[in-house]
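*Asks:* With chain A held as given, fit chain B onto it using these hints.
There are 2 protein chains.
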Amino acid sequence: MISKPYLLFLGDAKDDLAIKTAAGINYWRPDWCIGQMSFPNAKSSLGIREMNVKEAVANGAKTFVIGVVNAGGVMPDEWQSVIVEAISAGMDIASGMHSRLSSFSEIAKASKQNNIKLHDLRFSEKQFQTGKGIKRKGKRLLTVGTDCSVGKKYTALAIERAMRTSQMDVTFKATGQTGILIAENGIAIDAIVSDFISGAVEWLSPDNIDDHWDIIEGQGSLFHPSFAGVSLGLLHGSQPDAFIVCHEPNRANMRGVDAPLPSIQEVIDQTIQNGKLTNKKIQCIGIALNTSNCKSKADEYKLEISKKYNLPCLDPIQDSLDPFIEIIKSI
Amino acid sequence: MISKPYLLFLGDAKDDLAIKTAAGINYWRPDWCIGQMSFPNAKSSLGIREMNVKEAVANGAKTFVIGVVNAGGVMPDEWQSVIVEAISAGMDIASGMHSRLSSFSEIAKASKQNNIKLHDLRFSEKQFQTGKGIKRKGKRLLTVGTDCSVGKKYTALAIERAMRTSQMDVTFKATGQTGILIAENGIAIDAIVSDFISGAVEWLSPDNIDDHWDIIEGQGSLFHPSFAGVSLGLLHGSQPDAFIVCHEPNRANMRGVDAPLPSIQEVIDQTIQNGKLTNKKIQCIGIALNTSNCKSKADEYKLEISKKYNLPCLDPIQDSLDPFIEIIKSI
Numbered sequence: 000m001i002s003k004p005y006l007l008f009l010g011d012a013k014d015d016l017a018i019k020t021a022a023g024i025n026y027w028r029p030d031w032c033i034g035q036m037s038f039p040n041a042k043s044s045l046g047i048r049e050m051n052v053k054e055a056v057a058n059g060a061k062t063f064v065i066g067v068v069n070a071g072g073v074m075p076d077e078w079q080s081v082i083v084e085a086i087s088a089g090m091d092i093a094s095g096m097h098s099r100l101s102s103f104s105e106i107a108k109a110s111k112q113n114n115i116k117l118h119d120l121r122f123s124e125k126q127f128q129t130g131k132g133i134k135r136k137g138k139r140l141l142t143v144g145t146d147c148s149v150g151k152k153y154t155a156l157a158i159e160r161a162m163r164t165s166q167m168d169v170t171f172k173a174t175g176q177t178g179i180l181i182a183e184n185g186i187a188i189d190a191i192v193s194d195f196i197s198g199a200v201e202w203l204s205p206d207n208i209d210d211h212w213d214i215i216e217g218q219g220s221l222f223h224p225s226f227a228g229v230s231l232g233l234l235h236g237s238q239p240d241a242f243i244v245c246h247e248p249n250r251a252n253m254r255g256v257d258a259p260l261p262s263i264q265e266v267i268d269q270t271i272q273n274g275k276l277t278n279k280k281i282q283c284i285g286i287a288l289n290t291s292n293c294k295s296k297a298d299e300y301k302l303e304i305s306k307k308y309n310l311p312c313l314d315p316i317q318d319s320l321d322p323f324i325e326i327i328k329s330i
Numbered sequence: 000m001i002s003k004p005y006l007l008f009l010g011d012a013k014d015d016l017a018i019k020t021a022a023g024i025n026y027w028r029p030d031w032c033i034g035q036m037s038f039p040n041a042k043s044s045l046g047i048r049e050m051n052v053k054e055a056v057a058n059g060a061k062t063f064v065i066g067v068v069n070a071g072g073v074m075p076d077e078w079q080s081v082i083v084e085a086i087s088a089g090m091d092i093a094s095g096m097h098s099r100l101s102s103f104s105e106i107a108k109a110s111k112q113n114n115i116k117l118h119d120l121r122f123s124e125k126q127f128q129t130g131k132g133i134k135r136k137g138k139r140l141l142t143v144g145t146d147c148s149v150g151k152k153y154t155a156l157a158i159e160r161a162m163r164t165s166q167m168d169v170t171f172k173a174t175g176q177t178g179i180l181i182a183e184n185g186i187a188i189d190a191i192v193s194d195f196i197s198g199a200v201e202w203l204s205p206d207n208i209d210d211h212w213d214i215i216e217g218q219g220s221l222f223h224p225s226f227a228g229v230s231l232g233l234l235h236g237s238q239p240d241a242f243i244v245c246h247e248p249n250r251a252n253m254r255g256v257d258a259p260l261p262s263i264q265e266v267i268d269q270t271i272q273n274g275k276l277t278n279k280k281i282q283c284i285g286i287a288l289n290t291s292n293c294k295s296k297a298d299e300y301k302l303e304i305s306k307k308y309n310l311p312c313l314d315p316i317q318d319s320l321d322p323f324i325e326i327i328k329s330i
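Protein chains in written order, with numbering that gives the first Met the number 0: chain A, 0 to 330; chain B, 0 to 330.
One thing to keep in mind: the hints can contain errors.
[As the list claims (entries may be wrong)] DSS-like cross-link-like pairs, simulated, lysine-lysine; straight-line CA separation at most 30 Å:
1) K42(A) x K131(B)
2) K116(B) x K307(A)
3) K42(B) x K3(B)
4) K42(B) x K13(A)
5) K108(B) x K125(A)
6) K275(B) x K275(A)
7) K108(B) x K108(A)
8) K275(B) x K125(A)
9) K131(A) x K13(B)
[Said to hold, decoys possible] Stretch by stretch, here's where chain B covers chain A in the computed footprint (C-beta under 8 Å, at least three residues):
10) 36 to 48
11) 75 to 84
12) 186 to 196
13) 254 to 260
14) 271 to 277
Worth flagging that the hints you see were computed from the coordinates, not collected in a lab.
Please read all numbers here as calculations on a predicted model, not as lab measurements.
Using N, Cα and C, we set each Cβ at its ideal position, and we do this for glycine too.
Just chain A, same shape as in the assembly (with noise of 0.2 Å):
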């Protein structure tokens, strides 16, 4: 468990979508959030009060939440200042980096010193077996997307509130950092061995009651050159009943590298494809859009979708998710 409330450190944020860690917790929890800490140059806020190291101690934060991404893997110095500093003030730090906090000699020498716990959430203490492709009991959904950060998280988070409210049996499962942080619990499944890809999710979302729901997160995309491995692992152990395709109209690109988007029929299709080998029932339930840079054509969008697939097609943050229930209440 991570001590709450959090201040949550963007650094030197170069975007919007840099911060999106801290975005998450900031819009899923935001009782959780009492500050965030930028740095002069950062190009992004999270518009909520800005503090200090010790006005964020003052305030009562007890967790300093790294919520940016640290470009290229590497930890900049700054940031190791930072951290110690945090450290010292007594806040416990919470990370989600590739790297564990204790491999950084002067964060290691202070959270000892200071008696203050560290929390790697990319990294599992728990030794996971190789999959075993057998059928669970109980139901699950995952959202699949035509790219990375299209809006999987909050999809699979918005569907699980709507369930709530419709009192349905749900949990969501996260499978990334950010995820973790939101639902104090979860997998970083890209920070997974390889081999223990499906064999983790099986572990995540376990056997379970007839008419419980599993809402598991989904990572990057099966036509991202980076991340496809890690998606077909994750559908594999998924073994979902339902899914949503997660999608950010006029996006040009996949996300970091040099390919064109799939289309949404395509990632419906190779979902199919993949998923029925772990279960054959697999069903497309609808698309998710994330109108957040279309919000003009919004509705254009959606209803052209929609009638293209002949399926459900909403934005989870802006719309009533009644449609989606009502398809997962008939599985």
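*Replies:* Here is chain B on its own, set in the frame of chain A:
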């Protein structure tokens, strides 16, 4: 570099597949193997000279190679005693296990006391990047499979050998611990953090001159519910111009799980479908049949499959690979 020659440790191997690492080294590099060491209850043997640690050292053995799988990933106590004995007798240790040798305190202690090298083949000190998906120069062939343990490594090594005989510019690229022991090089791709699968393969098979071929050892199967994520990341990172489907006739079930084998056609279609993401020119150039378990029907099977797919179908250990080489030369 691992010091040679080797003593191949077989433990209490329960069947021939359990010692596939030892068998692979002994088949491809017999000159490096001075003998085998097995427990009295072992059910499998390489048919080479049986010797204990003392005899092996007296005969010049330099490295004790763990050539058998540890079931369930657990290191049996008797293995530890033998490994410590080998260390005390002056041998280095080579292991392809998922746990580091140094994580066992007795082994760590003994290796320090005796100034012995512990080779953990599944671990790389290299920090990989995520895959970029950018087309690299030079040509690449990947062996893929209908299942695990069907001959992907043997096929790749046999093709490398045949291409060398044909004076072609070729390099075998190992992606598993046995391949690494044979090639003295490579990456155990199933031990890579899953975010970096395709990136690690991009590093393993970098830009090269136009006429050069990398023959990349495949892993798992796109249809294996435990390992398909690894297979897909390997396919995307390899961006092969050519692939060969490896298959063992008469196998009823995917290895280790309750799932039927896909057809060769399904493997060809899925490999092209996924592979064209990073190489639009990907093509299947043939089928490699492991006929070790169906010798009397081998010719019949090869003829039938070759006719059905209109591609050469060969046993890479028994047959001349000229039909494969001819197609490779035309690419």
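*Asks:* Confirm or reject each hint.
*Replies:* Now for the hints, and whether the structure bears them out:
With a C-alpha separation of about 26 Å, the suggested pair K42(A) and K131(B) falls inside the 30 Å cut-off, and the hint holds. This hinted pair does not check out: K116(B) and K307(A) have alpha carbons roughly 62 Å apart, beyond 30 Å. Proposed proximity of K42(B) and K3(B) is supported: the alpha carbons are some 26 Å apart, at most 30 Å. Restraint check for K42(B) and K13(A): the C-alpha separation of about 61 Å exceeds 30 Å, so the hint is violated.
A distance of roughly 25 Å separates the Cα atoms of K108(B) and K125(A); the hinted pair therefore holds under the 30 Å criterion. With a C-alpha separation of about 21 Å, the suggested pair K275(B) and K275(A) falls inside the 30 Å cut-off, and the hint holds. For the hint pairing K108(B) with K108(A), the CA-to-CA distance comes to about 26 Å; that is within 30 Å, so the pair holds. Between K275(B) and K125(A), the direct Cα distance comes to roughly 36 Å. Violation of the 30 Å bound is thereby established for this hinted pair.
Restraint check: the Cα-Cα separation between K131(A) and K13(B) comes to about 21 Å, which is no more than 30 Å; the hinted pair holds. Here the stretch 36 to 48 of chain A counts 0 residues with a CB under 8 Å from a CB of chain B, which misses the bar of 3, and the coverage is violated. Check result for the stretch 75 to 84 of chain A against chain B: violated, 0 residues qualifying (beta carbon to beta carbon below 8 Å, three or more required). Residues of the stretch 186 to 196 of chain A with a Cβ under 8 Å from some Cβ of chain B number 8, which satisfies the need for three, so the listed coverage holds.
Note: the stretch 254 to 260 of chain A has 4 residues with beta-carbon separation from chain B under 8 Å; the three-residue rule is met and the coverage holds. Given as covered by chain B, the stretch 271 to 277 of chain A passes the check, having 4 residues with a CB less than 8 Å from a CB of that chain where 3 are the minimum.
In terms of the numbered hints stated before, the structure departs from hints 2, 4, 8, 10 and 11, listed from lowest to highest.
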